[in-house]
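Take these sequences, add in the hints, and give me the full structure.
Protein chains: 4
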Amino acid sequence: MQISEDHVVEVVPQDYSYVFNPYREPIARVKPGDRVTIHTDDAFESRITKKGDLPSRALATAKFLNPQTGPIYVEGAEPGDTLAVRIENIEPTRDFAVSVLIPYFGGLTSTNFTRTLQEPLPERVWIWDLVDGGTNLTNEELGVKLPWEPFLGTLAVAPDLEAITALAPGPFGGNMDVPDVKPGNTVYLPVWNEGALVYTGDCHARQGQGELCGVALEITSKSTVVFDLIKDKAIEWPRIESDDAIMVVGSARPMEDAARIANTELVLWLEQEHGYDRWDAYQLLTQAGGLYVGNMVDTTYSLVASVDKKLLSRSP
Amino acid sequence: MQISEDHVVEVVPQDYSYVFNPYREPIARVKPGDRVTIHTDDAFESRITKKGDLPSRALATAKFLNPQTGPIYVEGAEPGDTLAVRIENIEPTRDFAVSVLIPYFGGLTSTNFTRTLQEPLPERVWIWDLVDGGTNLTNEELGVKLPWEPFLGTLAVAPDLEAITALAPGPFGGNMDVPDVKPGNTVYLPVWNEGALVYTGDCHARQGQGELCGVALEITSKSTVVFDLIKDKAIEWPRIESDDAIMVVGSARPMEDAARIANTELVLWLEQEHGYDRWDAYQLLTQAGGLYVGNMVDTTYSLVASVDKKLLSRSP
Amino acid sequence: MQISEDHVVEVVPQDYSYVFNPYREPIARVKPGDRVTIHTDDAFESRITKKGDLPSRALATAKFLNPQTGPIYVEGAEPGDTLAVRIENIEPTRDFAVSVLIPYFGGLTSTNFTRTLQEPLPERVWIWDLVDGGTNLTNEELGVKLPWEPFLGTLAVAPDLEAITALAPGPFGGNMDVPDVKPGNTVYLPVWNEGALVYTGDCHARQGQGELCGVALEITSKSTVVFDLIKDKAIEWPRIESDDAIMVVGSARPMEDAARIANTELVLWLEQEHGYDRWDAYQLLTQAGGLYVGNMVDTTYSLVASVDKKLLSRSP
Amino acid sequence: MQISEDHVVEVVPQDYSYVFNPYREPIARVKPGDRVTIHTDDAFESRITKKGDLPSRALATAKFLNPQTGPIYVEGAEPGDTLAVRIENIEPTRDFAVSVLIPYFGGLTSTNFTRTLQEPLPERVWIWDLVDGGTNLTNEELGVKLPWEPFLGTLAVAPDLEAITALAPGPFGGNMDVPDVKPGNTVYLPVWNEGALVYTGDCHARQGQGELCGVALEITSKSTVVFDLIKDKAIEWPRIESDDAIMVVGSARPMEDAARIANTELVLWLEQEHGYDRWDAYQLLTQAGGLYVGNMVDTTYSLVASVDKKLLSRSP
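Just so you know, the sequences run in chain order Z, V, U and P.
Note that the first sequence covers residues 78 to 393 in the numbering used here.
Note that the second sequence covers residues 78 to 393 in the numbering used here.
Note that the third sequence covers residues 78 to 393 in the numbering used here.
Note that the fourth sequence covers residues 78 to 393 in the numbering used here.
Hints may be right or wrong, so weigh each one.
Because identical chains share one entry, a pair is satisfied inside a single copy or across any pair of copies.
Stated by the list, open to error - Pairs of lysine to any residue, SDA-like flavour, derived with a Cα cap of 20 Å:
{"hint": "1", "residue 1": "K308", "residue 2": "P156"}
{"hint": "2", "residue 1": "K128", "residue 2": "W356"}
{"hint": "3", "residue 1": "K222", "residue 2": "D321"}
{"hint": "4", "residue 1": "K308", "residue 2": "E200"}
{"hint": "5", "residue 1": "K259", "residue 2": "T170"}
{"hint": "6", "residue 1": "K128", "residue 2": "V202"}
{"hint": "7", "residue 1": "K259", "residue 2": "G367"}
{"hint": "8", "residue 1": "K387", "residue 2": "G220"}
{"hint": "9", "residue 1": "K140", "residue 2": "E313"}
These aren't lab readings, by the way, just hints derived from the structure by calculation.
Laid out in structure tokens, this is it:
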């Protein structure tokens, strides 16, 4: 693939999608190698911008959340291919990020899925200001400073036949909330539709592992990515490649099923593309694999299994 | 606490315990501040030492696994205290480590807990040699070299009233298989019995996150620790402190329950001892917490929630 | 509602839907009170009809499974209403039922969701003949006779915004595989779209609780139902009413979350419509509630919480 | 086995055990065939007997709950045998039963295992009076009458090596809270210790499936059982036989693992003792098996898989 330095496509949505939808008309068409800059709103449609914007009021008229920009049609993409998304840059388009406690949503409360008869946690809004020339974020209640480490909370292709809520992660990528979907890394997704039909949104200024309360540091942003295609190669779950590691994201409930998916896929990847015997690959990950929680709050949980690239070159 | 530089206690077991047992007679008595060197066997009672030692034969006469050295009676420890275990050093007592595939045990197979009607995976033994002056391990089938990063797979106090299999992690610590139980770090455990009654064993030369196939790089070893007591302070789940971070280990099934335990305890720790408002602590972990899988193979899964110590000093 | 004895609508699909889809054009329009007879194919598009039709061959060209008849537009149905579906009759349209073992599908094997590295179970087909004037089924390998107790494996309204695979149960009903969705009972579903947009299919001659191997006694059939509307009353999860009991179906993973949903909804139903104090309702279900597994094999598990109607009339 | 009509042993405990413990001295020795009447306290040591006895006060000084009568030594029982416990009768020893809401305990609240940061549910006590000559129970707040259908909440043998809390169900039986552990039925348990070492307690006047709030209708009682031995036959999980059905109880978390255990064991039982091919047994349970939730509140969940005895006699 050759990146077209002079061919920059800017995608500014007129409206948003709340599902990863194979039936929606593309809002842009791009070529592999184009540098594509995508504007996204935050997960709350920018309805929460100050401490007093409690969700029960600010979101009262929002029927759906997590607006997505898309779909973007990638020319040449066909079912059975793999789409590579190289993330080059994420730029904030406002000078603060927001996080909130939403009733019955998050990791340390009962939820719509894990129902109880208890009262919800209190509502709360935190505004984090971008400071130090955009390199840090700070919140006055907490009194701490955290580095700007942005990533795409949501990156998806349209599923095969289904139209799935933008709150869900899955084999199509989606709302994975995995901090490794970040500038410098490449995300690989299966292609089920002509043009792949890419959606993205839910940009985060940063996030801990697990996205504990359910809401990271939500920002509006423009992100620059470059697409590439691996023709006639089908993958089953999202993969990520960084300078140092290869990773698989598995999303499922209960959480151990997500861990099983991510690790099984990584074993098979090592077997199929890196010359490992299957059981030796299983052994390698046992002794040297990484396994962290991306989110423990979404419709399914996302876990990331990884292994250092140095271990792909063997001297048997 | 003052460490008694000249007071070194060496604990060499005559036999082993296969339960974390409040009823077993102590095999040693030590004082807070003593430097205590503890000899441990490997998880298979050293029955597997070469490639041909397949578990179905080598372990056929082993009624129980994971032999523990203990209990060690820590003078002055009383119910309601917290025991601090500073791990100073882990030294191998042989020049190789072993890992195996055991039928119906591990993360990517059905098991005694997650039963199916499928056939088991094949049995397999890997011998990893300690090389480069003990700084690395290498296995000929895999053809890779991995650094020596030893830790205690098992570190426990006797439970209150119960005697629990040495294969189990829990509030008492136990078979957590968490790589952060390592030299340089301090592990905090609740005390339910006079003398705390410490057990340890299952030393690992290293391990990936998740301990995927269920068996890390198992070694015989001697480990040096120093105990200390925090009087009249009860904790509910194991805590770990490193130079850089504070952590809580939660163990449960399904895996999300382990994540909930670890993070809830860490939120309450920040609230009770570090001046954080409860909801601000929840927010802090959302944006800056760590959450990795220690084991996804034992009787319950162990997850580690953590936060950087730098974030404990705030400037509100 | 008045049932129009003379107004019978027969719905014979020209093709099938493999998603519960709000965007698909209705194939029939009916009024509340119409007696509607719906023809359905079996879950395998009738591709498996004899012992030799092993899934790996018979289903090789089937891109999707579980074909649905629909959507049926119910006049007057609007978002915020509840749709009542009175099931009057299920009639087989062939003289046998079929069940199979499909690789990596079912309750006692690893699956696409609960991944392992094990080999699949063997493929196997069972043909069950309808005998004794259609009152029993018998299979020659098993040598047992089981009563004809048919029900709708799948009964759904279109979701709000999403188009979801016909293999999934959920708040919209769907592939619940719950034996109580049977003649004589009424199923209540939330309405999110104009016309409700009803889908049904996957008829079962009978099924045990749990649908253990994942495939019940699959039949082609015609089913007769009568729709009714409860205007301006929103429910959150499917409800069932029989002569003797009221029930709620919760679908989720892990299975305890399905149990929590079903029971929480039933507590709130008792509180909101039957005069029970919330905690007394909780108490009642503790001492007198039913809780069985509908399916332990689908994309999410379906559990049924119930209580005897006699306990709705109290004498406090 | 011959039941000794004239040999009745009455077991009246001097004190209670709060663990299923292989190390505790037997409190009675009986022979197979003896009719053994066992007195048990209720789960709260009779500390809660009226509406005002809120758990936070009434149980404040109770370090442990669920007192067990035992162990009872059954002569001739050896490791590798199966113990049959025929339950003949359960008689109340007071004229009321009690249920309560305990903070952070039960099926529709967060708990010690499923932790959240929410407030607990309110405390509440219900007293149910035995009426109609002991055939019914009634509670004035609820205003309903429920039949007396007593069973043993807890029935266990001592585990192998471990001493496990009396709150836990498991392969040893224990706190299964399964309504089929009732008069007329026979429970089969594995034997790991000389004398089997039987514990029982936690008698319930009745209970719904799931034991939703965590506390059934708790009573003090005397129960009459007859023990028998099946020599040299080892089982792995508790089995129950009624006049009509055979059943297996699986206990695990997540709940699907309990369902997998119960059904796998039942498939293997049909294969090993009833002449079924393994896959035909799997098929039989798919179409005709029962699967209900015993408890969704204890340390692990208990599910009951069953099949009608009529289906054990086949005519192939």
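Okay, the hints, checked on the actual structure:
no. : hint        : in the structure
1   : K308 - P156 : within (9 Å within a copy, 43 Å between copies)
2   : K128 - W356 : between (53 Å within a copy, 14 Å between copies)
3   : K222 - D321 : between (27 Å within a copy, 16 Å between copies)
4   : K308 - E200 : neither (48 Å within a copy, 33 Å between copies)
5   : K259 - T170 : within (17 Å within a copy, 44 Å between copies)
6   : K128 - V202 : within (5 Å within a copy, 41 Å between copies)
7   : K259 - G367 : both (18 Å within a copy, 17 Å between copies)
8   : K387 - G220 : between (39 Å within a copy, 12 Å between copies)
9   : K140 - E313 : between (32 Å within a copy, 16 Å between copies)
Checked against the numbered hints above, the structure violates only hint 4.
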